[in-house]
Amino acid sequence: MSLSSAGMFWFFGIILTVAATTLVAGKYNPVIDVGMHAPSFSNLPATDGRSYSMSDFHEDVLVVVFLANHCPWVRGGERDLIELVNDFRGKSVRFIGIGVNLRPEDLLPAMKDRAAKIGYNFLYLHDPSQEIGRKFGATHTPEYFVLNKERRIVYTGLLTNSPAVMEAGAPRYVNGEAKQFYVRDAILAALAGRPAPVTETRAQGCTVEYTRRTT
Amino acid sequence: MARWYLWTGAAALLGLGLLAGCSRFGAQTVTLQLIQFEQWQRQLRSMKGHIVVVDMWATWCAPCIERFPHMVELYNRYKDQGVEFVSMSVDDREDKAAVEQARQFVLRQKATFRNYLMDENIMQSFEKLGVQGIPDVFLYDRAGRLRYDLNGNDPNHQATLNDVDYALATLVAEK
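Same order as they appear, the protein sequences are chains A and B. Residue 1 is where the first sequence starts when you use the numbering used here, and the numbers rise one by one after that. Residue 1 is where the second sequence starts when you use the numbering used here, and the numbers rise one by one after that.
In short, the hints are calculated from the structure, not lab data. Check before you lean on any hint, since a few could be wrong.
[Unchecked claim] Lysine to any residue pairs mimicking SDA-like chemistry, simulated, CA-CA at most 25 Å apart:
| id | chain 1 | residue 1 | chain 2 | residue 2 |
| --- | --- | --- | --- | --- |
| 1 | A | LYS135 | B | PRO63 |
| 2 | A | LYS135 | B | ASN151 |
| 3 | A | LYS27 | B | ALA159 |
| 4 | A | LYS179 | B | ALA62 |
| 5 | B | LYS128 | A | ASN161 |
| 6 | A | LYS27 | B | THR170 |
| 7 | B | LYS96 | A | ALA168 |
| 8 | A | LYS117 | B | ASP149 |
| 9 | A | LYS91 | A | GLU150 |
| 10 | A | LYS27 | B | ASN151 |
| 11 | B | LYS128 | A | MET166 |
| 12 | B | LYS128 | A | TYR28 |
| 13 | A | LYS135 | B | LEU34 |
| 14 | A | LYS179 | B | PHE126 |
| 15 | B | LYS128 | A | GLY193 |
| 16 | A | LYS27 | A | GLY193 |
| 17 | A | LYS27 | B | GLY130 |
Given the structure is predicted, the values throughout are model-derived calculations rather than measurements.
With these hints in hand, go ahead and build the complete structure from the sequences.
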């Protein structure tokens, strides 16, 4: 029995797809891996009323973090994020928060309120198409990606080894005082042109909800 | 004297029940028990011969809370067909408020199946259970094999409640 040409096409198509997925997936990220070029975005609206594209940023290091207002893990860690942004002020580092959830409390009007209320000192963009989240393979909030000057991913995952969940108005650090500062270390390494000491961790937080594609 | 012992014993049992957070709905009881991973593995092995549905959830997980009533509904539909349901909370055991919130939640949901809360460090709970994020539903067949792991780990193919329904119906149909 021989396979028809259409059958052969589908057979090898599936084999190639599986192989490609296996090759590009990280340990925790099913879409991209450390070392790959980061996906790009264009004209995403921000809480400051403007729109931004990846090509607008010329800093040596970009830190992209997926956020969601409703998520207590985001709220638990936002003070540390703000502090981290302050720590790198004056350095060639840009922080970009992105929201892709479609719950009403995660949409742009609510994002603007949150950014103003908490005093976000970084850009906070929204992608209602969710495409940038899919391209990054982001499945948690918060989930961090550190990109070097060539815009390759050098780190993905947690901020530190002790993520915090907001409880009764105060962050609760699940492993006590943080001892490993993955994002900070990855930024410093990228600025120095060295590889990050830790390149991937499992993000802890709320699952990003993507709409099911019909095609 | 014997009557005094009886009354004391009954009062003590009632007290224990309240401490454990028991509540009865009809003939069934709702509890939330702390469980260590190794205990859970033994529990799981003891359920061999049944289809086992394990719903990993937490009070801070909005989609988990929204999906929970459907899991209770599924349990009521399939409980007489050799299907065991387990809710496994991965709330932080150190967070007393969250543990109490989880206990109150399963009571309100009238979840008369096994409700556990992982007695582990929260990060360890995820690692040991092999869960990246929640909601995540594991379905084991009657031979005790993990047949479905329905989760949101792939942004391009996140599992839905329809997937849970389909997987469970498939396993139930197998003889």
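Hints, one by one, checked against the model:
no.: 1; hint: A:LYS135 with B:PRO63; result: holds (22 Å)
no.: 2; hint: A:LYS135 with B:ASN151; result: holds (18 Å)
no.: 3; hint: A:LYS27 with B:ALA159; result: holds (20 Å)
no.: 4; hint: A:LYS179 with B:ALA62; result: violated (29 Å)
no.: 5; hint: B:LYS128 with A:ASN161; result: holds (17 Å)
no.: 6; hint: A:LYS27 with B:THR170; result: violated (30 Å)
no.: 7; hint: B:LYS96 with A:ALA168; result: holds (12 Å)
no.: 8; hint: A:LYS117 with B:ASP149; result: violated (39 Å)
no.: 9; hint: A:LYS91 with A:GLU150; result: holds (17 Å)
no.: 10; hint: A:LYS27 with B:ASN151; result: holds (16 Å)
no.: 11; hint: B:LYS128 with A:MET166; result: holds (24 Å)
no.: 12; hint: B:LYS128 with A:TYR28; result: holds (15 Å)
no.: 13; hint: A:LYS135 with B:LEU34; result: violated (38 Å)
no.: 14; hint: A:LYS179 with B:PHE126; result: holds (20 Å)
no.: 15; hint: B:LYS128 with A:GLY193; result: violated (35 Å)
no.: 16; hint: A:LYS27 with A:GLY193; result: holds (24 Å)
no.: 17; hint: A:LYS27 with B:GLY130; result: holds (13 Å)
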